[in-house]
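Undergrad: Here are the chains, one letter per residue:
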Amino acid sequence: MRIFLIKRIFTLLLTLLVATLVVFVVLEILPGDPAAVMLGINAEPETLNALRAQLGLNRPVWVRYLHWVADLTTGNLGISYTYDVPVSELILSRITLSFPLALLAMTLSTLIAIPMGIMAASHHNKPMDFLVMSFSQMGIAIPNFWFAMLLTLLFSVTFRLLPAGGFAGWDAGILPAFKSLLLPTIALALPQAAILARVTRSALLEVLEEDFIRTARAKGVNNQGTLWKHALRNALIPVVTIMGLQFSFLLAGTIIIENVFYLPGIGRLIFQAISQRDLIVVKNLVVLLAGAVIMINFMVDLLYAAIDPRLRGGENV
Amino acid sequence: MRKMKTLVTLIVLTLGIVIGPSAIAAKSSLNLGMVLEPPHLDPTAGAAAAIDEAVYANIFEGLTRIDKNGAVKPALASSWTVSDDKKTYTFNLQKNVSFHDGAVFDADDVVFSLDRARAKDSVNAQKALFKPIESVTKRDAHTVVVTLAQPTGGFLFNMGWGDAVMVDEASAAKNKSHPIGTGPFKFSKWVKGDRVVMVRNDSYWGTAAKLKSATIKIIPDPAAAASAILSGDIDAFANYPAPESLAQLESDPRFKVVIGTTEGETILSTNNQRGPFKRLKVRQAIAHALDRKAVIDGAMFGYGTPIGTHFAPHHPAYVDLIATHPYDLKKAKQLLTEAGYPDGFKAVIKLPPPSYARRGGEIVASQLRKIGIDLEIIPVEWAQWLDQVFKNKDYDLTIVSHTEPMDIGIYARKDYYFAYDSPRFQELMKELDATVDTQARYDILGQAQRLISQECVNGFLFQLAKHGVWNKKLRGLWENSPVQANDLTEVYWVD
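Chains A and B, in that order, give the protein sequences.
For the first sequence, position 99 (counting from the first letter as 1) is numbered 305 according to this note's numbering, and the numbering increases by one without interruption.
For the second sequence, position 9 (counting from the first letter as 1) is numbered 635 according to this note's numbering, and the numbering increases by one without interruption.
It is worth saying that the hints were derived from the structure and are not from the lab.
Treat the numbers as computed from the prediction; the structure is a model and nothing was measured.
Every residue gets a Cβ at the ideal spot worked out from N, C-alpha and C, and that includes glycine.
Please note: incorrect hints may appear among the correct ones.
Covered stretches of chain B, going by a simulated chain A footprint (3 or more residues, C-beta under 8 Å) [as the list claims (entries may be wrong)]:
hint, region
1, 672-678
2, 748-757
3, 812-822
4, 857-870
5, 1004-1011
List time: in silico DMTMM-like cross-link candidates among lysine to aspartate or glutamate, alpha-carbon distance up to 25 Å [what the hints assert, rightly or not]:
hint, chain 1, residue 1, chain 2, residue 2
6, B, Lys1019, A, Glu234
7, B, Lys815, A, Glu295
8, B, Lys904, B, Asp878
9, B, Lys713, B, Asp766
10, B, Lys818, A, Glu416
Please take these sequences and the hints and turn them into a complete structure.
TA: Here is the structure:
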């Protein structure tokens, strides 16, 4: 287990370093001068040079790279070109929205998907299975932004029960904040749940075909018992894998939903930073997200080991 | 089973609390929707229109200000005198003015603000406004003398731009994230990506604002904007981003829809030094092949005013030159043949992200195809546009809206991206700078408009419209935008 951990942490750090290099090089190649974007089409060359000097953009490339990596290790991420506030502060304020939202959506999606998947698998080829599968098919087919717009039309425009968008902020109290996250959570969770329910069902069905299930049944364990005690645990590996992928996606890939509900999340920050050439925000955020994805994968690996004792050996992995 | 019941009760209760009736907004606050978030809040350090749209006249004020009709009005300078040679301006400042942090506003701040804007290391996006200034001196605490190198007719107007607002030396460096001005609203907070909040400045020197607070909410998505105004989350959009749903809002008794004008001349910018576009006849052919109404209908849902030159139609000096090059395909083809391109030619049009450009570009391309000019459409994002088109002039055609007020002077810059070099036009602009009499200025502006129209420097398409949508009970919002601003000083609610 210890070797397993050390190995994983080493790969983790190496991946992060490669990520910083790739991000930096790509942003160097990307056309667009941050100073020109900020000062617009009436600015004079002299003014542009003054701003470039102010932003530290006229230092050699490798000096800027080394400075950045050194700064990353100390957690000092610099000052945003456009917003003029520390990048860390900017990212932190967005994470307080994106992380709870991802967590809420993941929780809701799991609460819906796992029971549905189990129900479908235990009623294989019966009406219940058919019902769950049709729900899942629909959930996968419906684009989430369209579903989100329907939700706002119904709950905000017609019934005026919930805000159409925006984020009240946690300092406004748990309840208003939760209210502004309710519709986005549903819009994000349902399509994810549809996929997860499908995966749960097929993983369970596969396990239920295995020899050890037949043995358990032969030994007299009833249907419910085999399902909960023997099959479910063994079916969890693919489910956890998908959940890991989904959570990574929820952290940064929710830009469309953030747009529909005009939420100030990570996705919109990165999109805006790219279009305004706020490169310092872009590179730090991308590396941070890469780090988050690597961490999630790492935790998924640990979960594998927790679920399946055979994976704990280390030497065999 | 009992467990189940408790659970259901719990869920119902929670939902009841969560979805309970939202508090009815007191009628002394305003939620204003804006599409683009200001990158920062210092109007003296950036070109983004969103900065001025948030802070101009609300948080920051200049010596003069531009009112809703585009006229120059006194602001922090209560009055001024101009010397006979038109080179010395003496500004008398308002007394008892203080910045939001309590610092006193006086002549020193004027000297500091103007010197800062024209300094060598200045990052003012409109530094050209300050170029004519030779010196700024304080005569006494409430009098400032500005000496110009040459007479500049538009000087007082220029001092009303957002880029020329007055700042305090102590707080200037922090204005990007925490703006301190002298205006009727004080900055309260900025939740980045979501909203900018300002509250009434109770120690304002002039007429106090009627609203107690104003919140600018950032809503980039047109569909989200529609839901936000329909649900009542947003009280007003000064520039509503979804013209396709204006008809629906117009028929809703809760809202008022106002189509106003802006300073945005939307043009088919042409690289006057490249390939076939060097020839006047080719540019004339393009002018005859443009069907402006089709572009406005197709790209802007019918909202927009056709223009025949680079000038805002609502301005008194505007000359209607649409008839100079009427839509005439036969003539266009003939001109193209005379220019040596009987079979037309291939060219590239680079289109920035705004819908007027992307949608308008498709329509223009199909119109030019009719006379044999085959355009390859290349969509670019803003940063690329600024780099390739604007800075390096690597383009044939593009579509862009020039939203700066009174910006016909850009045609006198021969290194500008149009690559238009006309000594005659440059002469006219010099003459304009030296003229202070209004009617004489209008005459020169008229000649300038005619010249660029005759020379077909660019394809002149239409003036961007301002689609305002707001609650019927709201008064005092600007219907037109002579400068990029959402002046909230006179906004109030009626019952």
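Undergrad: Now tell me if each hint is right for this structure.
TA: Here is what the structure says about each hint:
For the region 672-678 of chain B, the assignment as covered by chain A holds, since 3 residues bring a beta-carbon within under 8 Å of that chain's beta-carbons and 3 suffice. Using a Cβ-Cβ cut-off of 8 Å, 7 residues of the region 748-757 of chain B lie near chain A, which meets the minimum of three, so the contact claim holds. Coverage of the region 812-822 of chain B by chain A holds [criterion: at least 3 residues with CB-CB distance below 8 Å; count 5]. Given as covered by chain A, the region 857-870 of chain B passes the check, having 3 residues with a CB less than 8 Å from a CB of that chain where 3 are the minimum.
Counting residues of the region 1004-1011 of chain B whose beta-carbon sits less than 8 Å from any beta-carbon of chain A gives 4, enough to reach three: the coverage restraint holds. Between Lys1019 (chain B) and Glu234 (chain A) the alpha-carbon distance is near 21 Å, which keeps this suggested pair within the 25 Å criterion. With a C-alpha separation of about 15 Å, the suggested pairing of Lys815 (chain B) with Glu295 (chain A) holds against the 25 Å cut-off. Among the hinted pairs, Lys904 (chain B) with Asp878 (chain B) is inconsistent with the structure: their alpha-carbon atoms are about 51 Å apart, more than 25 Å.
Between the alpha carbons of Lys713 (chain B) and Asp766 (chain B) the distance comes to roughly 20 Å, so the proposed pair stays at or under 25 Å and holds. Only pairs whose Cα atoms come within 25 Å are accepted, and Lys818 (chain B) paired with Glu416 (chain A) is rejected, the gap being roughly 54 Å.
Of the numbered hints stated above, those contradicted by the structure are hints 8, 10, listed in ascending order.
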